[in-house]
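A.B. asks: Going down the list, the protein sequences come from chains A and B.
Here the first sequence is numbered in UniProt numbering, starting from 1 and rising by one per residue.
Here the second sequence is numbered in UniProt numbering, starting from 1 and rising by one per residue.
No lab work stands behind these hints: they were computed from the structure.
All C-beta atoms, glycine included, are put in the ideal place defined by N, C-alpha and C.
It cannot be assumed that every hint is accurate.
[Claimed, not checked] Covered stretches of chain A, going by a simulated chain B footprint (3 or more residues, C-beta under 8 angstroms):
(1) 67-75
(2) 97-109
(3) 317-323
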Amino acid sequence: MAKLEVTHLNKTYSPKIVPVKDLSLAVEDGEFLTLLGPSGCGKSTTLRLIAGLEQPTRGEVLIGSKNVTHRSAGDRNIAMVFQSYALYPHMTVFENIASGLKLRKTPVGEIQQRVAEASRVLDLDGLMQRKPSKLSGGQRQRVALGRALVRKPDVFLLDEPLSNLDALLREQVRAELKQLFQSQNTPVVYVTHDQTEAMTLSTKVAVLYKGDLQQLDSPQRIYSHPANQFVAGFIGSPQMNLLTLPCENSHALLGEARVPLPQVTEPQPAGQIVLGIRPEHLQVGKQPDCTAVRGQVFLIENLGMSDLVSMHVQNSELTLRALIANTTLKAGDELVLSLPPQQLHWFDIETRSRIPVQPETVAH
Amino acid sequence: MSNALRTIRGREHLTGWLLLLPALMLLALVFAYPILRAFWLSLFIENLGTNLEPVFTGLGNYVRMVGDGRFWQSLWITTIFTVIAVTIELVLGMAIALVLNESFRGRGLARTIAILPWALPTALIALSWQWIFNGEFGVWNDILLRLGILQEPINWLGEPGLALASTIAADIWKTTSFVAILLLAGLQSISEDLYEAHAIDGATPWQSFRQITLPMVMPQILIAVLFRFAQSFGIFDLVQVMTGGGPAGSTEVVSVYIYATVMRYLDFGYGAALVVITFLILVAVVAIAAFLLSKAQNRTEGV
Ligand SMILES: Nc1ncnc2c1ncn2[C@@H]1O[C@H](COP(=O)(O)OP(=O)(O)OP(=O)(O)O)[C@@H](O)[C@H]1O
Ligand SMILES: [Mg+2]
Chain A
1 MAKLEVTHLN KTYSPKIVPV KDLSLAVEDG EFLTLLGPSG CGKSTTLRLI
51 AGLEQPTRGE VLIGSKNVTH RSAGDRNIAM VFQSYALYPH MTVFENIASG
101 LKLRKTPVGE IQQRVAEASR VLDLDGLMQR KPSKLSGGQR QRVALGRALV
151 RKPDVFLLDE PLSNLDALLR EQVRAELKQL FQSQNTPVVY VTHDQTEAMT
201 LSTKVAVLYK GDLQQLDSPQ RIYSHPANQF VAGFIGSPQM NLLTLPCENS
251 HALLGEARVP LPQVTEPQPA GQIVLGIRPE HLQVGKQPDC TAVRGQVFLI
301 ENLGMSDLVS MHVQNSELTL RALIANTTLK AGDELVLSLP PQQLHWFDIE
351 TRSRIPVQPE TVAH
Chain B
1 MSNALRTIRG REHLTGWLLL LPALMLLALV FAYPILRAFW LSLFIENLGT
51 NLEPVFTGLG NYVRMVGDGR FWQSLWITTI FTVIAVTIEL VLGMAIALVL
101 NESFRGRGLA RTIAILPWAL PTALIALSWQ WIFNGEFGVW NDILLRLGIL
151 QEPINWLGEP GLALASTIAA DIWKTTSFVA ILLLAGLQSI SEDLYEAHAI
201 DGATPWQSFR QITLPMVMPQ ILIAVLFRFA QSFGIFDLVQ VMTGGGPAGS
251 TEVVSVYIYA TVMRYLDFGY GAALVVITFL ILVAVVAIAA FLLSKAQNRT
301 EGV
């Protein structure tokens, strides 16, 4: 019932600063949408437009199919968790969490009960009479979540809620967040520039870049079928190998190797094409049905469970990076890598967008 | 003592006191000595009646004070002056600070202008206001007459009630800017996020002012009250220049009365006793305010 929709949203601060250009999205009940993108791409601005803290230049915001574009933030029944948590420093944890309910004139008994419930879920018992300055970062974060949860809003908005936590705590809270919001049947819009958060938490990811929506898809599809070269390079760690290759007849030339082009591709006017392959998909040695590339290792980075091996491709300026488990390779060694054809991504040299390969349109 | 010296903390304390000693001695010389000297003098009668020779009277001057209607009157006038001036200054100062805290074109200039009245010399301001309120040539009368609010010119500084109101107005004009700048510093330390979070929680601007702004700037408000109370209670120059305490003693604040006692009637012993009592009242009020301040600071900083 309470789904969130934005249509043709635009925010223009000045002719040069247009952080949101023409954004249309819908988030259903129980869906978890992540806005993902590099710093300054307009994620926070989008969230603030949805929250009503900022008026859009054009476009509409609908909550539960009601147009709320011109309603004030307090009238939209949304809850927002700020990056800074924005806890009221002079109020106790209890007062912080209860603030929104008190302002909406909720009966005292119900306030008590809802705060107690949130406190149990978030494990805040015993902290209720403390002031925020006497809490750890993780505890503050939970208080901020509590303040949102007790409101039982129509939409949850979260702006990089984990970025102030250390790496270990972040992982733990991320798991808690996932459980917490799975139990709430409410649309969630979550902003982050951390792709791991986006991939683990969301049911849908919107990748933004310079105010434009690059791709809106499930995390799996964003990973397996990046819509363009930007998404391909932005999602996945270590980064996808993206190689600009010359074409010859129906093949792209990778050094001495000849990679068959996807059948649908017209011969590129410039005679060039971008090939993408993730380091984790490259295989060691000559594999059947794969194009093999020969080269010389020049760098090995230990990532713990595997090594990231960089190699110069023979007879070219190109380099390839591959993830290889327990390798004994050293710099200077010869290496043969195979490119499994179903793991290749092709991008147009001009438009940078994905060139579909025939069977993939059916897959997924 | 030897025990204290043995612990590291004890030695640190001793070092601390040693380092403080020069500053303490300077303070004693500059503050403690004159205060004690005034107290000592207050135990003597030293006036024209004794040919300006000190004659010991014990607490005689203080007993005299109990029956001195003019003293109580001046204390009452000072209190009225202080309470009204400080209250209005706080309200106006807060309003101006809220405006200056918004971002608008020319805000820097507005902030600079706002501090000007405070930066000008008081005697100059008092003289200007004396002319503004002048019965015959004053601008204030002129404005009111032209607007049709007054039919006849009024001698503002010549009527007892009006004279006090006029001095209060001049004081408000001068020191509101000080209060505003002080409160502005407090407002600027409040993060915009808090207001946004509160707005999303459903608060109206007035509720945000009551529940966020006021509690968060309470330390600055109390500092302003403390400063302004101490200054206003001892106000001298503005009143002395504008009215000299008149008409009919209606603006005779404590400082003006003490000045008259000492400099006009040359009653040094009694004047010293007046100073001592005024001083004690001030110290008591400042102590209370400082106590409240530390409590408020603990609250906002969340202890
Ligand atoms: N009030 C404003 N006036 C003018 N420009 C603004 C304003 N707010 C944001 N911008 C600009 O809009 C762009 C997008 O800002 P936004 O805060 O949405 O980025 P973001 O994606 O959240 O980045 P980050 O990951 O660093 O938080 C930035 O270039 C920023 O400078
Ligand atoms: Mg942001």
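A.B. asks: Decide, hint by hint, whether the structure agrees.
C.D. replies: Results of checking the hints against the structure:
Counting residues of the segment 67-75 of chain A whose beta carbon lies closer than 8 angstroms to any beta carbon of chain B gives 4, which meets the minimum of three for the stated coverage. With 4 residues having a beta carbon nearer than 8 angstroms to a beta carbon of chain B, the segment 97-109 of chain A meets the requirement of three or more and the stated coverage holds. Only residues whose beta carbon comes within less than 8 angstroms of a beta carbon in chain B count, and the segment 317-323 of chain A has 0; fewer than three means the coverage is violated.
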